Amino acid sequence: MKRGFITVLLTLTCSTSLAQDLLITGATLHTQSDAGIIENTDILIKDGRIAKIAPRIATNKMIKVINAAGRPVTPALFAGVTVSGLSEVEAVSEAVDSSYRELYTDLMHPEFDVRMAYNPHSSVIPITRVEGFGFTLLAARGGDKTLSGQGGMVRFDGGYKSFDGKPVIYIQTSGYSANTMGGSRVAHWMLLNQAFDEAMTDEELTLITPQGAATLKAAKDDGIFLFEADRAADIMRVVAFAAENELEAVVHGGSEAWMVAEALAAAAMPVILNPLSNLPESFESLGARLDNAAILHEAGVPVIFSSGETHNARKVRQLAGNAAANGLPHDAALAALTSTPAAVFGGEPRRIRKGALADLVIWSGDPLEVTTQAQQVILGGIPDTMISRQTLLRDRYLGAADAMPRAYTKP
Amino acid sequence: MRPILAILLSVFTTTVAATPFPSTYQPLPSSPTLITHATILTGDGQRLDDADLYIAGGKVVWVGEGTVPSEGVKTIDATGQWITPGIIDVHSHLGVYPSPGVTAHSDGNEATSPVTAEVWAEHSVWPQDPGFSRAVAGGITSLQILPGSANLFGGRSVTLKNVPQNSYQAMKFPGAPYGLKMACGENPKRVYGGRKQAPSTRMGNVAAYRASWIRAQRYIQDWEQYEQKMAKQSSSSETDGNSALAAALIKPPKRDLELETLAGVLKGEILVHMHCYRADEMITILDMADEFGYKMGTFHHGVEAYKIADELAEHNVCGALWADWWGFKMEAYDGIQENIAIVDRPKNGCAIVHSDSEEGIQRLNQEAAKAMGKGQAAGLDIPPERAIRWITSNAAKSLGIADQTGTLSPGRMADVVIWNQNPFSVYAKAQQVFIDGAIVFDRNDETLQPVSDFELGQLLEVAR
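Residue numbers (the numbering used here), protein chains in the order written: chain A, 1 to 411; chain B, 1001 to 1464.
These aren't lab readings, by the way, just hints derived from the structure by calculation.
Check the hints yourself; a few may be wrong.
Partial pick of chain B residues on the chain A-facing surface, computed with a CB cut under 7 Å [stated by the list, open to error]:
(1) R1218
(2) Y1219
(3) F1292
(4) F1328
(5) Q1458
(6) L1460
Facing chain B, a subset of chain A residues (Cβ under 8 Å, in silico) [stated by the list, open to error]:
(7) K61
(8) K64
(9) A91
(10) V92
(11) S93
(12) V96
(13) P120
(14) K166
(15) M181
(16) G182
(17) G183
(18) L368
(19) I382
(20) L393
Keep in mind the model is a prediction, meaning the values are calculated, not measured.
C-beta atoms are modelled at their ideal positions from N, C-alpha and C, and glycine is treated no differently.
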């Protein structure tokens, strides 16, 4: 009696690990692995992971089966660098936790960890998930200090602790941010040089706390440093700083990255970019162009996409499609939203093969096409309800008006 | 002498209706062109397969089948390609918030007073904004430039033809009516409430609109009374030798640029373009238009328009909407991706896809494609020939230029886009763009790709 009760509790609280077995049949599988694209294949999922990939998998009749009917199946997509679960409404500052500012310490706080405020019940998460997204990189956004804080990967499975991968330290180095912090981008580099000297040596701490120093040291050992930079000259400064300090660094922004593609490739430094950027929106992006991603990829630079948006993070799929329409191979465009961010930031590899976490999406068509819909999202082997606050609003108002107000329509 | 003086004075003091800053737009050089074997979306709901289009003299001559002169006609084989009317964006800030977006270029919001109906967006337009040439590569042939939404009455808009010229007058769409930008909700109350100034609430917003309309009504009355007095004097001048002098002594009302624009709306000469997100606020605005006897034109952004799609259609009001933006502020919290498709659904529905973005304007076809895809997934029957109306004929209706452009009907301006494939795709590209029959962009011919003065000579040392 007692034991049975515990089992039920476990089922409720650890649903991922006790997921029902699932069989997907007839998939066109974009594996993001050496196997490439496998046509007309079945995928067996047990305990939330992929147990078998084969043309026809025989199973017992009790198993849940989803027929993909030849449609594409990909790993669940990367939503970009966002503040999902940290911002319910962007302009409602009391519902936003993504940056620190005006702290009375007046120090830089790399230890500021946005994951402590992550809310898996934010409406943003199902709204993004039902569009085919399984994970994001949580950002500590630019406040009023050069070191913005830290974040990391999180899965969109609704868990409180669904974090994954390495710690990521966010650093502002752009001229735009420098305009309000020190008046020159030189101020950023001056402060960064001193903060890293203080953290890595026994120098007296004047810019950061002991916790901040520990955070920088830990991230230097096994973390990622993400630098905001668009201008080619600024990107070259990032490359030099990362080399001097022996950091794993990533460029975020990178409008002019194509101009220094060879240096980035030599440094094996990935770039997170928006492939729609093609305007000289500032004097830092005079060289912005639509084939930025294609040029970087050709040079061997790992490319990841991000729109910079959180609520409309789902638009990043359109970004990938545009990159593909402007010279990036289709498979590389898909990798920029699956295996590449996973390879750079750690955690689940986001490649479909035996043993991989079953975070998958069945699409109505080409996953990079704007008219394509995510038909079924599967996270940890569990088919999503495909319901969000927005699908419910849609269903409330889609039907014809009735004598009773819409408030009585609860889809 | 005296009657002549009176007439002169009369003419001088009643120049309100004359149009300053007139359009000097001239179509670029063109030649008669026959485009053959294309899939044509005419913009008014029709799709023609393997059809031809003939344009000459800057106009559409015929679409489908017809005859062409035996000589002097350029032929483009568009087998496998698609043709649409030129794309129209009803909501752009190109030129007033240009690239680069430096503070010195921030010319879109005269955010110094909540009522600035006296400002005209065209006086802020920087024709060298590189955004114009990016937009033409996305098939944009006409666009409305609006002031921002900081103010209740933001000022006059201007509709431009997307040709690279050195003055906005040379881009100004000939004969297009002016628009008046208005704004509901959070923006005005945040900007002015934040300064401890009215309006700081939504009720403050509405009180200020109404007070302004009352002043505009009075302004119209003052001018009407003046005209009546002048008419009376001139009709009695034959019997009274002193009446000319008397007429000259009738003082006209003082001209007021703000009230001229508001009066233009009340007289139906200027179209209202109102930034408004919430359904309840849009209903308030419809009632306010009834109170003051003007026609509400187009709600812009309208993320909750789907909640009142039937009311908008009944009032013959357009909704210029985004495909998927939401959540950036409280009044955008209920946005859904089916908004455009649901507003399009009722008979007389007027759904428009707008950009409000220098990025979005470059691919308004993709924005429409997303909205079409969501509508179809929700079970609504929206073929491409229907969805294309959202960025062509419905947009032209909103701007009051539907008799000139927005469809490929004979006699309309030859504003045309040839796409390499179905434009409702992320892979679609505008191959050639025509404005008034002239090729203004050709993807395969660098000599027909405009470059603004600002971009010329930048990054000279970069090899690629």
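Hints versus structure:
The interface hint given for B:R1218 is broken, as the beta carbon of that residue sits about 37 Å from the closest beta carbon of chain A, more than 7 Å. For B:Y1219, the interface hint is violated, the least distance from its beta-carbon to any beta-carbon of chain A being 36 Å, above 7 Å. Interface hint at B:F1292: violated, since its Cβ lies 29 Å from the closest Cβ of chain A, which is beyond the 7 Å cut-off. The restraint placing B:F1328 at the interface with chain A holds, with a minimum CB-CB distance near 4 Å, inside the 7 Å limit.
Contact between B:Q1458 and chain A, as hinted, is supported at the beta carbon level, the nearest pair being about 5 Å apart and thus within 7 Å. Because the smallest distance between the Cβ of B:L1460 and any Cβ of chain A comes to about 11 Å, over 7 Å, the interface hint for this residue is violated. With its C-beta approaching chain B no nearer than about 31 Å, A:K61 sits outside the 8 Å limit, and its interface hint is violated. Interface hint at A:K64: violated, since its Cβ lies 23 Å from the closest Cβ of chain B, which is beyond the 8 Å cut-off.
A hinted interface residue such as A:A91 counts as satisfied when its beta carbon comes closer than 8 Å to some beta carbon of chain B; here the least separation is about 4 Å, so the hint holds. For A:V92, the interface hint holds, the least distance from its beta-carbon to any beta-carbon of chain B being 6 Å, beneath 8 Å. For A:S93, the shortest C-beta to C-beta distance to chain B is roughly 11 Å, which exceeds 8 Å, and the interface hint is violated. Nearest Cβ of chain B to the Cβ of A:V96: about 11 Å, over the 8 Å cut. The hint is violated.
The beta carbon of A:P120 is not positioned within 8 Å of any beta carbon in chain B (closest approach about 17 Å), and the interface hint is therefore violated. The criterion of a C-beta within 8 Å of any C-beta in chain B is not met by A:K166, whose closest approach is roughly 29 Å, and the hint is violated. Because the smallest distance between the Cβ of A:M181 and any Cβ of chain B comes to about 16 Å, over 8 Å, the interface hint for this residue is violated. A least Cβ separation of about 18 Å between A:G182 and chain B goes past the 8 Å threshold, and the interface hint is therefore violated.
Checking A:G183 against chain B: minimum C-beta separation of about 14 Å lies over 8 Å; hint violated. For A:L368, the shortest C-beta to C-beta distance to chain B is roughly 6 Å, which falls under 8 Å, so the interface hint holds. Below 8 Å, beta-carbon pairs count as interface contacts, and A:I382 has none with chain B, the closest being about 22 Å; its hint is therefore violated. Restraint check, A:L393 versus chain B: the minimum CB separation of about 5 Å is within 8 Å; hint holds.
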